[in-house]
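Hey, can you work out the whole structure from these sequences and the hints?
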Amino acid sequence: RDSNALTYLEAGKFPKVCLRVDTVTVLKKPTGGATQQGQARIGGVLTFHGVTRPVSLLLNGQLTGDTLTADGQFSVLLSDFQVKRPELLFVPITDSITVSVHLNAIAR
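Position 8 of the sequence shown, counted from 1, bears residue number 324 in our numbering, the numbering being contiguous throughout.
Derived by calculation from the structure, the hints in this document are not laboratory data.
Hints may contain errors.
What the hints assert, rightly or not - Distance windows between CB atoms, simulated:
#1 Arg369 <-> Val340: 15 to 25 Å
#2 Asn376 <-> Ile413: 17 to 27 Å
#3 Gln352 <-> Glu326: 34 to 44 Å
We put the CB at the ideal spot given by N, CA and C, even for glycine.
In structure tokens, the structure reads:
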């Protein structure tokens with residue numbers, strides 16, 4: 317299955333996917349305590365399959381000491397990035413895929 321994805325995504329021709337963050341809007345400031353919870357809306361651009369498009373995602377984060385972890389996801393259309401949809405038994409898979417983001421950051 318993974319080798320099929322690499323073929324359809326033309327990974328040899330487009331080996332990198334880049335998410336550039338341009339804006340961060342804090343929606344829920346971190347709470348007090350040893351482990352602090354927060355939430356932010358991230359705006360930026362995704363470069364995938366040689367095409368750059370704007371994206372937005374909601375991140376839920378946790379700050380413990382000097383370590384921040386955050387998770388979020390957003391959906392993109394393969395057609396927006398000029399990716400030919402693979403077929404399973406002659407039926408194309410859905411155009412929409414979900415991209416998951418996991419962030420680990422340590423203050424220095």
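Hint by hint, here is what the structure shows:
1. Arg369 <-> Val340: 15 to 25 Å: For Val340 against Arg369, whose Cβ atoms are near 19 Å apart, the range 15 to 25 Å holds.
2. Asn376 <-> Ile413: 17 to 27 Å: holds (21 Å)
3. Gln352 <-> Glu326: 34 to 44 Å: holds (42 Å)
Violation of the numbered hints given earlier is absent; every hint is satisfied by the structure.
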